[in-house]
Amino acid sequence: MTIVKTTYNRRSFLKSSLAAGGGLMIGFSWIASACSVDTPKGIVIPDEWFEINAYLKIGENGVVTIFSPNPEIGQNVKTSMPMIVAEELDVDWKNVLVEQAALDTSKYTRQLAGGSDSIRTTWSALRMAGASARTMLRGAAAKEWNVPVEEVTTEAGFLKHTPSRKKAGYGEFASAAAEIPVPEKVELKEPNNFTIIGNSKKNVDGLKIVTGKPLFGLDYKVDGMLYAMIIHPPAFGMKLKSYDPNEVKNMPGIKDVFTLKTYNDDYERQWSDAISFNEMVAIVGNSTYEVWNAKLMLNVEWEPFKEQKYMSAGWGGNANEVNVPAGLESTEGHIAKMKAAAAKPGRIERRDGNPEEAFRKAAKVLERTYTAPFLAHNPMEPQNFFADVKEDSAVVVGPTQTPEPMQKSVADRLGLPLDKVKVEMTRMGGGFGRRLYGHFMVEAAVISQKMKAPVKLVYTREDDMTFGIYRPMYHAVYRAAFDKDKKLTAFHVKMGGVPENALHANRFPAGALDNYLAESWAIDSNISVGAMRAPGSNFNAAAEQSFLDEVAEEMGVDPIQFRLDLLKRAQENPVGERNDYDAARYAGVLELVREKSGWDTDSAGKNRGVAAYFCHNSYTAQVVDLVLENGEPKVEKVFNANDCGIVINPDAAINMTEGSVVDGIGTAMFGELTFNQGEPQQNNFDGYRMIRHAEAPKKIETYFVENDIHPTGMGEPPYPPVMAALANALYKATGTRYYHQPFVKNSFGS
Amino acid sequence: MAVFNLNINKKQYQVDVDPSTPMLWVLRDHLNLVGTKYGCGIAQCGACTIHLNGKAVRSCITFVDSIGDKEITTIEGLSENGEHPVQQAWLGHDVAQCGYCQPGQIMTAAAFLSENPHPSDEEIETAMNGNICRCGTYTRIKAAVKTASNS
Ligand code: FES
Ligand code: FES
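Line order of the protein sequences matches chains A and B. Counted the way the numbering used here counts, the first sequence spans residues 1 to 750. Counted the way the numbering used here counts, the second sequence spans residues 1 to 151.
Don't take every hint at face value.
Said to hold, decoys possible - Mimicking SDA-like on lysine to any residue, the simulated pairs with C-alpha atoms at most 25 Å apart in a straight line are: (1) 221(A) with 16(B); (2) 221(A) with 81(B); (3) 202(A) with 45(A); (4) 255(A) with 126(B); (5) 146(B) with 45(A); (6) 699(A) with 126(B).
Said to hold, decoys possible - Residues from chain A shown here face chain B by an in silico Cβ test under 10 Å; the list is partial: (7) 199; (8) 200; (9) 212; (10) 381; (11) 652; (12) 697.
Just so you know, the hints here were simulated from the structure itself, not pulled from any lab data. Beta carbons: idealized from backbone N, C-alpha and C, even for Gly.
Turn these sequences into a full structure, and let the hints steer you where they fit.
Shown next, in the form of structure tokens:
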């Protein structure tokens, strides 16, 4: 066993207190059927609960409720986080109920969904929560039984003292345990003793999902709630000029029409406050349909804006002045600007050896350009939020990936102290990064404050797709130098984008090559962007791993062996001070996928492509097999090999991997948002092509490298490389290289 | 505004709404049956799928004044507590990620299987193709439909 000190987070969560008897702590008036937790068959809700710490309470009958602190966006943390607590608590999973915790920064460490980091950053705290509760239960039993605490053991929800043959359920000692002082140190299990972690558990919300129970922000309702919609400028570069509310004010069900300003001019924005349109028209009424009708009828005039500036802080905190250029931008213009920028020297981000000389002396240089368009996140549930703002307090409820920073934004905007703004999280109908940017929470709050009533703000799909905060548009030029023996002598990447680039200069193959150069550039834009699933990597991997395939082909070596040779070099004799990957683990996933796909034995006659990538602390290698049916590519099979350390909930990790594979193929094949005169040219799923059933792979197999390394996330890592594995397989099938996304077009302004 | 008597999940409901209101919003806003989801509003995603006399339709473009005495089934009425074979198969394969599209997927699958109880893989793909899953659970959905078709 491992003994760890609990002191570092004692004050943060390990406070014992008797919970108020009975009653589950759940939000206020959710519509009727939401008012109960999902109670699996056979579980009897206890009459009395004893709160042992912020993560769990135990009922007098031994049933345990575990609070899942982080927002649930489909990554299944609402199941996997409680699994970790339950493991160290040593309780039977059948007796565990799970509840979503509200935002509480005094109790929990990092209530955010993003960066595939939920598990990595809370692993220790969750284990400690379970382990310290177990220690307290043992202490309570030892006291009562009058035996040394060391002799009290636990087994699946029971306390035991073998010498005296005493045995009791956790429930019997829950009340006494709540009075035991928080232990200074606790024992953690060794991974080989895990019984819950590593054994697949079904989604705790599964039954509610398939029976259509209210779970999502859009489903949230209270009595007397009004519905609100916004009307934002139709084009980037435009702002509100005037509108005529009179006609719609008298439409049936309409309560009010007014101008809404999301952030005040002197407000210093946080990174999660990213927004394109700060001034809009709000319409409020009795039902979604009535408000929507009024929205369609409202006459609004817009005008181009002049260059604007505002203060905004980055992830790290330091505030900078952000410049928003004027102008109505078009995709054609973006393409022309990118071509021009790529022709000029970029900013040098990393330089090893003497790449310029190596390129001068090269017997052959391979140069390829890769591009990818703007993308909309398009979570299945459009943006929405509930707000009920009173004179001196506010409650906001809904789907958000960033409850903590947005609590501050809402409080600042309403002029309320932080602790007077309660944030509750509903299950999210996807997010993919879009719900990191919570302007809609502020908008809902401002509308509720004005209306003096509870309000649900609802975006239409069109609002959601045209509001901005997109994945940027990207461009990369890769060059490789070879000597006369076809040995790779230098590597050069120049990467740019509108309005930011995707370069990760210290990632593979940096560190594996003597002569390496990475440059970047960016073009200003008034189109707002934000993190989308594996930000940066989602282009980087697609381009780099396609290029490496071509380099290997040029050298006449197997693409997997080629990568393994580079990784061997990086492991044994790395170049440079800083290489942001572990070469051995990187090689591990490649070796695993080689074995599982039968790469060396079973590739004949197959159109196969391989790719591997490391991002968000996890490693993935993939092999894609495809065939052409009437000229259309059909992905037959995708093999995945992942290394994310200890796998908490294997089937859920497999599900995430499958989702990333499908999403990656969809993005690379079809995803594209274009602009004309600042106006997004796609605003719903008729114009914006999403991957569908018939285009998804027929089969997906997923494997994990087995180890005891601290677990990391799976929400993002398999998404980027599959795009390259697909491109490389397409090349095998068609003889054409796919440089430009979406692959259905495969051209960049030509 | 007009009064409509609706037969939903074998119960009678009365609503007083604009006759052009899509059933999606009647269900969600007026009857608190929020299992039927809004995804696109233009018949492109299938999130809003309900049954009208047993046939799958898009409630976002099905107007309340077109219902008459036809029987509506929503996800809430597909079974008492998730016992329908399609729902069971969904649980067995632990299909959902975010879960938002799944009521629509299930309603499409249930109507499809009642007409074609033993479909081929291609028939499943074609039948389900109108339902988008942004999380990409397509392979599991296909497997679940297959399982349900065998039960
Ligand atoms: S909401 Fe009806 S099909 Fe998308
Ligand atoms: S499970 Fe999220 S959209 Fe299908």
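Hints versus structure:
Restraint check for residue 221(A) and residue 16(B): satisfied, since their Cα atoms lie roughly 20 Å apart, inside the 25 Å limit. Among the hinted pairs, residue 221(A) with residue 81(B) is consistent with the structure: their alpha-carbon atoms are about 22 Å apart, no more than 25 Å. Simply put, residue 202(A) and residue 45(A) have alpha-carbon atoms about 20 Å apart, close enough for the 25 Å limit, and the pair holds. For the proposed pair residue 255(A) and residue 126(B), the alpha carbon gap of about 44 Å is over 25 Å, so the pair is violated.
Restraint check for residue 146(B) and residue 45(A): the C-alpha separation of about 36 Å exceeds 25 Å, so the hint is violated. Note on residue 699(A) and residue 126(B): the hinted pairing holds, with a Cα-Cα distance of about 17 Å set against a maximum of 25 Å. At its closest, the beta carbon of residue 199(A) sits 13 Å from a beta carbon of chain B; the interface hint therefore is violated under the 10 Å criterion. Of the supplied interface hints, the one on residue 200(A) holds, with its beta-carbon coming within about 8 Å of a beta-carbon of chain B, less than 10 Å.
For the restraint placing residue 212(A) at the interface with chain B, the shortest Cβ-Cβ distance is roughly 2 Å, inside the 10 Å limit, so the hint holds. Because the closest C-beta pair between residue 381(A) and chain B is about 5 Å apart, less than 10 Å, the hint holds. The restraint placing residue 652(A) at the interface with chain B holds, with a minimum CB-CB distance near 7 Å, inside the 10 Å limit. The criterion of a C-beta within 10 Å of any C-beta in chain B is met by residue 697(A), whose closest approach is roughly 7 Å, and the hint holds.
Checked against the numbered hints listed earlier, the structure breaks hints 4, 5 and 7; every other hint is satisfied.
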